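> Below, each chain spelled out in residue letters.
Number of protein chains: 2
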Amino acid sequence: MKIAVDAMGGDYAPESIVLGVLEAIREFKPNFDILLVGDETRLADILAVNGAANEPRIKIIHASQVVGMDESPGISLKKKRNSSIAVSASLAKDGEADAIVSAGNTGAVVAATKLRLRFLRGVIRPAIATPIPSRKGVSVLLDAGANVDSKPYNLLQFAGMGSVYSKYIFGKENPTVAVLSIGEEESKGNELSKETFKLLKKSPLHFIGNIEGRDVFSGKADVIIADGFVGNIVLKALEGTHSTFKDLLKSEIQRNILSKIAGLLLYPALKSISKKADYEEYGGAPLLGVDGICIICHGSSSPKAIKNAVKVAHKLGEYKVNQHIEEIMEQLEAIKPALCAVE
Amino acid sequence: MKIAVDAMGGDYAPESIVLGVLEAIREFKPNFDILLVGDETRLADILAVNGAANEPRIKIIHASQVVGMDESPGISLKKKRNSSIAVSASLAKDGEADAIVSAGNTGAVVAATKLRLRFLRGVIRPAIATPIPSRKGVSVLLDAGANVDSKPYNLLQFAGMGSVYSKYIFGKENPTVAVLSIGEEESKGNELSKETFKLLKKSPLHFIGNIEGRDVFSGKADVIIADGFVGNIVLKALEGTHSTFKDLLKSEIQRNILSKIAGLLLYPALKSISKKADYEEYGGAPLLGVDGICIICHGSSSPKAIKNAVKVAHKLGEYKVNQHIEEIMEQLEAIKPALCAVE
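Residue numbers (numbering that gives the first Met the number 0), protein chains in the order written: chain A, 0 to 342; chain B, 0 to 342.
To be clear, the hints were calculated from the coordinates, so they are not data collected in a lab.
Remember, it's a predicted structure, so these values are computed and weren't measured experimentally.
Hints may be right or wrong, so weigh each one.
As the list makes no split between identical chains, a pair holds if one copy fits it or if it spans any two.
Lysine-lysine pairs mimicking DSS-like chemistry, simulated, CA-CA at most 25 angstroms apart [as the list claims (entries may be wrong)]:
| hint | residue 1 | residue 2 |
| --- | --- | --- |
| 1 | 193 | 113 |
| 2 | 270 | 259 |
| 3 | 193 | 77 |
| 4 | 245 | 270 |
With these hints in hand, go ahead and build the complete structure from the sequences.
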């Protein structure tokens, strides 16, 4: 398996990315090769500095441009045809890479991947599936923002893809699926969520109903379904809370000598909580539904996050997740006439 | 001013509610009277136990039924015409109360109030305006769930109502308004948010563009506009995180003797953070747009939260917030033809 890693994307690129790749190779003794995409000279330097100039599992693929984290995806794709994101996607398109891993501009990664790769058989829209640490392990929320203004049948497909992902990557035997809404009853929600509820109820998936915002972290459902607009806002709000809280705690601890001592004593506990709430432990979020593997990492990914993302990319291939997605799409498609008649 | 307080609504009712009312009366030396709505005998007992049997500012209004926190609002309103929520709303309708305060079933409070009170001149849909503690003071998010499937002009009106509330209750001179979306550029968002952006841009409000989920807590905007579906999910997700975090921290602190000592030393700091993140400090969220005052409190409201809610109800009256809302509705209405021509 060949994994193209966008070495220029992310707040700490390229160093953090290269270090992550090296950690992955050393830790997993893998049967995969890495195509490191980016500025040839810089990447060769970083490899050399880290004693990996001749690492046989890594091949550098030159890309002369970089898409900025805040650039408009559409414009950047048109103007920067030789960006590390565009080159990575092209490698996947041409069959030279089986997977892409990027911590770059999410919108650009999604756009480039959707543009260059075909969709899996039956998939109408791909979706970003973000792992969420919960009290009971890991839940998956999708769509985390690959689409806006989705339709009920799109959300049904997201549920199918999310169930496959939850089963093969997080080991949930019969993953529970819920719709994110404003009340648990079937009658609660907006038009989209209520129609999606109806479809899921009749589907072969393990649907358990609606959950509310407060249950996103509770582990009540293994797969949480939302429109990409809602999913993206909720995930970013949680991220914002996490960092606000960290800042507040830091400044409270600095307040006086007693609080500083307490901070030191409590350091392991705080570290452990922070780790539980840390998305990066799960190595990024796959864009499910494309005929290939695409892992989108957080912009501020550490080497560890990149290492885990490479691992997830490999696992998605190993467990043939895409094949299972096509199977579930066929099942959902087969009952489509019955589903629509119900409404 | 007469304030009807639903004494039976909320997880700790009626004790917590009555104590909150007593605190309000003692603390504010008010020029308001309280109509305490609920079970006559129980309420008289609680007042007596607290040495307030003859408090001249409190009058008990009997209501024989209670709407459960998980009951369906529609059904409960039909079946329990003598519930403390229904009676409170009727008092407002008949002009016997100028304001309602309730920590009961939010859906039922909203439904009863919308059913019994008229809307302010020009208002198409009322909205729940929830105060959010931020790094820069208090922001307001609306709609927090009074509506689903709103239209752009509804959201424009929410922005107008929120601006008035932010100005008169939180003292922001020229409150900034932002749309909650998935990117800062005008082109980012779903159909509803993009159309709302266009309307706000042409409005007399102090519109600063889109903000993302991570900025809900940052204080970037004084007034944050969202559809009630999105607003409700985000607020509940934040609440869920808050309580998950508290639980995690508690169990980490219990782990061993060192962490217990640290927990003690850090107690004031943790308390102070918790207070900053505590919605109850702000005394509930008004349902803006109805011809009256309705404050919706959290189900788990403490006496302090109820006290603050009574204070906010009084302040909304004192500062003639409803009159200012009608003025801004008129301004928005006047430019409506121009706004729609832009689209």
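> All hints, please: hold or fail.
Hint check:
Taking the shortest alpha-carbon separations for residue 193 and residue 113, only the inter-copy value of 23 angstroms comes in at or below 25 angstroms, while the best intra-copy value is 28 angstroms. Taking CA atoms no more than 25 angstroms apart as the test, residue 270 paired with residue 259 passes in both settings, with 15 angstroms inside one copy and 16 angstroms between copies. Taking CA atoms no more than 25 angstroms apart as the test, residue 193 paired with residue 77 passes between copies only; the shortest distance there is 23 angstroms, against 38 angstroms inside one copy. In this homomeric assembly, residue 245 and residue 270 come within 25 angstroms of each other (Cα to Cα) both inside a single copy, at 11 angstroms, and across copies, at 15 angstroms.
Hint compliance for this structure: no hint is broken.
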